[in-house]
Amino acid sequence: MSEVDQLIQENKELKAKLRDKEILFNHIVESTFSGYFDWNIKEKKEYWSPTLKKMFGYENHELYSSPITWQRLIYQEDLPIVFDQMDAHIKSRGKIPFDCKMRFHHKQGFRVWIFCQVKIVEWNELGRPTRIVGSLTDITDIKNIQETEAYVEQLESRNKELQQFAYVASHDLQEPLRTIISFTEHMSEEYKDRLDETAKTYLKYITGASHRMSELVKGLLDYTRIGKNFKIKKIDPNKILEAVLQDLHSLLENKNVKIEIEKLPKINGLETEIRSVFMNLISNAVKYSKKDVTPIIKIGAIKDVNVVKFFVEDNGIGIEKAYLKRIFLIFQRLHNKNEYEGTGIGLAHCQKIIELHGGKIWAESIPNLGSSFFFTIPA
Amino acid sequence: MNTKQNRILLIDDDEPTNFMSKIIIQKADENSIPSVMQNPKSALNILKNESINIEEIPDLIFLDINMPSMNGWDFLDEYKDLEIHKRKNILLYMLTTSMNDDDDVKSKKYSCVNGFMVKPLTVKSYSQIVNKHFK
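For the record, the sequence lines run as chains P and U.
Note that numbering that gives the first Met the number 0 gives residue 349 to position 350 of the first sequence, counting from 1, and the numbers run on in steps of one.
Note that numbering that gives the first Met the number 0 gives residue 97 to position 98 of the second sequence, counting from 1, and the numbers run on in steps of one.
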């Protein structure tokens, strides 16, 4: 072979090796899911890998590789950080590394968090960079998780604060209340003969209001205590129901209530709290029954794919459609204190408990015919 | 000489409040005649009745906000469209236990509401209304 032929052959082989190396290199880089760029400042040429462009939601042909492009896509508030870090990297001749977390606008409009590492690989005689390569990794998921975790921590701390506040407030409110009640009672007793009718009426109102307030404060305290002992375990609603009906035995007998129960499936939950829910719903069904009709209360459950749906159905006075959601608000009542006693906390209580279990509670009703209360517990 | 009587209607479910409001109103102005309705629905039914005499229609209504079942806002939703407004101009003040900013903004949306007052009614606060509207 002549020298020229040999050189041509060598050239061919080198080109093949180079091509192989390039393919191997691309495989490696693409498989790390990092995008990379190669910026030849001297020749004003920039190369962006397809993976890099994909990070921002663009196909290879949709984005022109240039500094103008990334400066357009980056969040403008993050630009100064990039320039500062780049300056430091250059001035220290590469000793201070450039690694930076920055935000970019995805083609579809949402935010992408990018971790970028850059290296200056060629310098000119004047100490200016002439070639820069860099890798970019999408860390959006990690960042989102971090932000969520931080927010959750904030919420938990706030929640604890509120619980404490409600507890202390309720507790401290009880004391002056007790003073009012006790001294009003003393006054009514000891000054009975010296008080006129108006004064007795005033005292009657004071006592009534104080007792009412005491009930409300106790109810609030109980409400804040819900969920403190968070021990979820397998519980048997049939046994719970049995205990509740036992507790309500005399009430049910007095009002001549008929109870129809279906067998209930076992669930994962908090025993005391679920008991509280049944107690509340059944008491309400009895309380709001029609005066001249035998109260019939039906209790059962429907097992679905992901949840168990319990129901407590009555044939009582019913609830107007407009108020079906309102009744679950704390202290919200539908009737005068004189017609039906109560603090209006019961259903708010139930809602908090059910939501603690990850379920939902709601009511359906036909006024004058009856109401049905449903609640779900995740299976 | 016949001075005009002012018929005051109190719509509030709370008995002690009504008891006191009546005393205050009569103390502040001898020409004011208070009457009480604990159920806003009943009040609406009376106001809807077309055969009601014009002298029986109240001159001023004190409306409590926080009532069970139909509250003050629910009442206003029905009250504002009544025919009775064509026969007589009825003053209406909303009574509340707290000066909640939201409530004030909300009450401005109803043109039939003349104002907003904090409970309890006092001789002083009621006198201000009497001087403003009835003198």
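Source of the hints: derived by calculation from the structure; they are not laboratory data.
Predicted model only: the values in this text are computed from it and were never measured.
Don't take each hint at face value.
Below, a list of computed lysine-lysine pairs in the DSS-like style, where the Cα atoms sit at most 30 angstroms apart [said to hold, decoys possible]:
| hint | chain 1 | residue 1 | chain 2 | residue 2 |
| --- | --- | --- | --- | --- |
| 1 | P | Lys191 | U | Lys47 |
| 2 | P | Lys203 | U | Lys26 |
| 3 | P | Lys199 | U | Lys123 |
| 4 | P | Lys199 | U | Lys21 |
| 5 | P | Lys217 | U | Lys134 |
| 6 | U | Lys107 | P | Lys320 |
| 7 | U | Lys123 | P | Lys289 |
| 8 | U | Lys108 | P | Lys203 |
| 9 | P | Lys203 | U | Lys118 |
| 10 | U | Lys118 | P | Lys199 |
| 11 | U | Lys123 | P | Lys203 |
| 12 | U | Lys107 | P | Lys191 |
| 13 | U | Lys107 | P | Lys324 |
| 14 | U | Lys79 | P | Lys320 |
| 15 | U | Lys47 | P | Lys324 |
| 16 | P | Lys289 | U | Lys40 |
| 17 | U | Lys118 | P | Lys324 |
| 18 | P | Lys199 | U | Lys47 |
| 19 | U | Lys118 | P | Lys336 |
| 20 | U | Lys79 | P | Lys336 |
| 21 | P | Lys324 | P | Lys308 |
| 22 | U | Lys26 | P | Lys336 |
| 23 | U | Lys108 | P | Lys320 |
| 24 | P | Lys336 | U | Lys131 |
Now the hints, each set against the structure:
{"no.": "1", "hint": "P:Lys191 to U:Lys47", "in the structure": "violated (46 angstroms)"}
{"no.": "2", "hint": "P:Lys203 to U:Lys26", "in the structure": "holds (22 angstroms)"}
{"no.": "3", "hint": "P:Lys199 to U:Lys123", "in the structure": "holds (26 angstroms)"}
{"no.": "4", "hint": "P:Lys199 to U:Lys21", "in the structure": "holds (17 angstroms)"}
{"no.": "5", "hint": "P:Lys217 to U:Lys134", "in the structure": "violated (48 angstroms)"}
{"no.": "6", "hint": "U:Lys107 to P:Lys320", "in the structure": "holds (27 angstroms)"}
{"no.": "7", "hint": "U:Lys123 to P:Lys289", "in the structure": "violated (45 angstroms)"}
{"no.": "8", "hint": "U:Lys108 to P:Lys203", "in the structure": "violated (39 angstroms)"}
{"no.": "9", "hint": "P:Lys203 to U:Lys118", "in the structure": "holds (20 angstroms)"}
{"no.": "10", "hint": "U:Lys118 to P:Lys199", "in the structure": "holds (23 angstroms)"}
{"no.": "11", "hint": "U:Lys123 to P:Lys203", "in the structure": "holds (26 angstroms)"}
{"no.": "12", "hint": "U:Lys107 to P:Lys191", "in the structure": "violated (48 angstroms)"}
{"no.": "13", "hint": "U:Lys107 to P:Lys324", "in the structure": "holds (26 angstroms)"}
{"no.": "14", "hint": "U:Lys79 to P:Lys320", "in the structure": "holds (22 angstroms)"}
{"no.": "15", "hint": "U:Lys47 to P:Lys324", "in the structure": "holds (28 angstroms)"}
{"no.": "16", "hint": "P:Lys289 to U:Lys40", "in the structure": "holds (20 angstroms)"}
{"no.": "17", "hint": "U:Lys118 to P:Lys324", "in the structure": "holds (28 angstroms)"}
{"no.": "18", "hint": "P:Lys199 to U:Lys47", "in the structure": "violated (38 angstroms)"}
{"no.": "19", "hint": "U:Lys118 to P:Lys336", "in the structure": "holds (19 angstroms)"}
{"no.": "20", "hint": "U:Lys79 to P:Lys336", "in the structure": "holds (28 angstroms)"}
{"no.": "21", "hint": "P:Lys324 to P:Lys308", "in the structure": "holds (18 angstroms)"}
{"no.": "22", "hint": "U:Lys26 to P:Lys336", "in the structure": "holds (28 angstroms)"}
{"no.": "23", "hint": "U:Lys108 to P:Lys320", "in the structure": "holds (25 angstroms)"}
{"no.": "24", "hint": "P:Lys336 to U:Lys131", "in the structure": "violated (35 angstroms)"}
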